[in-house]
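Engineer: Just so we're aligned, residue 19 is where the sequence shown starts under my numbering, counting upward by one.
A couple of the hints might just be wrong.
[What the hints assert, rightly or not] Label pairs and their calculated CB-CB ranges:
id	residue 1	residue 2	range
1	P226	A96	41 to 51 Å
2	K284	A96	44 to 54 Å
3	P143	D68	22 to 32 Å
4	T232	G99	52 to 62 Å
5	T278	G98	45 to 55 Å
6	Y227	R81	51 to 61 Å
7	P163	A295	39 to 49 Å
8	A258	A283	23 to 33 Å
Simulated from the structure, these hints should not be mistaken for lab results. Where is the CB? At the ideal position from N, CA and C, for every residue including glycine.
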Amino acid sequence: MHRRLAGRRLVVTGAARGIGSEVARRAVAGGAHVSLIGLEPDRLRSLADDLGPTAFWREADVRDGAALQSAIDASAEAMGGIDRVVANAGIAAFETVRQADEASFERVLDTNVTGAFRTLKYATPHLERSQGHVLVVASALSFLPLASLASYCASKAAVEMLTLTYRQEVAHLGITVGLVHPSWIDTDLVRDAEGELSSFQDLRRRLPYPGNVTTSVDEASAAIVNALRRRRGRVYIPRAVSGVNWAKAILNSPLMWPWTKRFAAKSVPPLEREAEALERRGQPMRDPGESVEEAADA
């Protein structure tokens, strides 16, 4: 199982749950050494213990550059280097622009965009030595806007451009770089959102394929681990998301605007009303902390 990863030294950010933890499990099963970086020490410790002597863990917030650099350097020391990286940590906030407060918006951007930048920056010296491969988890919403997820869409579009720029910058170092574009994945974030916001369920049902389907964490992690083995440049989960990427010029064109406007007019008011009701009850529909791609996509 994934034996091409035997002996490889992998760092996964956002590794405490969801896709991150399952990627780590699959990689260790394939013979890799794995360092788990995230925010939930109890979960990370438990996962590392479960995975055995080739798994290590470090607590670090990708918003804290010094802590993240220390965790990456410690991972390299523990494993004898770094060959592979999955920059997976990410959060989302279900709010429209007019509802979102600045702190919530900034946290999503800092975690998803600047957190990816920090991961790439501090992993680069180690990847240069090994001529390794890095996968950055972006989103189907890197190229498809969706009302009520403005901060997430903005962050994932920026993550795509950051990663493509980085790919050019490190090509001469022998480092290869890939992007992962998941649609909706069956993680805590999607389940919690559907439990709190019935209008969110309705929005997802009305999206055209592949925006109306949910992919299992197992299937998503298998695709990512396979991409690590093959050093792939793009991963779409499910594969039909690739069509959305190729069609983005049409989907965001004046031709499609009448349909998009009608769709948003039905979706946004109930989403805003439910979000306001949660806020009044003291249960703001903010990001859940580290949900680890998550993916709040369509």
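Engineer: Between P226 and A96, is the Cβ distance one that fits in 41 to 51 Å?
Structural biologist: holds, 46 Å
Engineer: Is it true that K284 and A96 lie within 44 to 54 Å of each other by Cβ?
Structural biologist: For A96 against K284, whose Cβ atoms are near 52 Å apart, the range 44 to 54 Å holds.
Engineer: Can you let me know if the beta-carbon spacing of A258 and A283 is within 23 to 33 Å?
Structural biologist: Cβ of A258 to Cβ of A283: about 26 Å, so the range 23 to 33 Å holds.
Engineer: State, for the Cβ atoms of P163 and A295, whether the hinted interval 39 to 49 Å holds or is violated.
Structural biologist: Roughly 25 Å apart at Cβ, these two residues miss the hinted range, so it is violated.
Engineer: Looking only at beta-carbon atoms, does the pair T278, G98 fall within the given range of 45 to 55 Å?
Structural biologist: Cβ of T278 to Cβ of G98: about 51 Å, so the range 45 to 55 Å holds.
Engineer: Between Y227 and R81, is the Cβ distance one that fits in 51 to 61 Å?
Structural biologist: violated, 35 Å
Engineer: Could you see if the CB distance from P143 to D68 stays within 22 to 32 Å?
Structural biologist: holds, 30 Å
Engineer: Can you let me know if the beta-carbon spacing of T232 and G99 is within 52 to 62 Å?
Structural biologist: violated, 37 Å
In summary, the numbered hints that this structure violates are 4, 6, 7.
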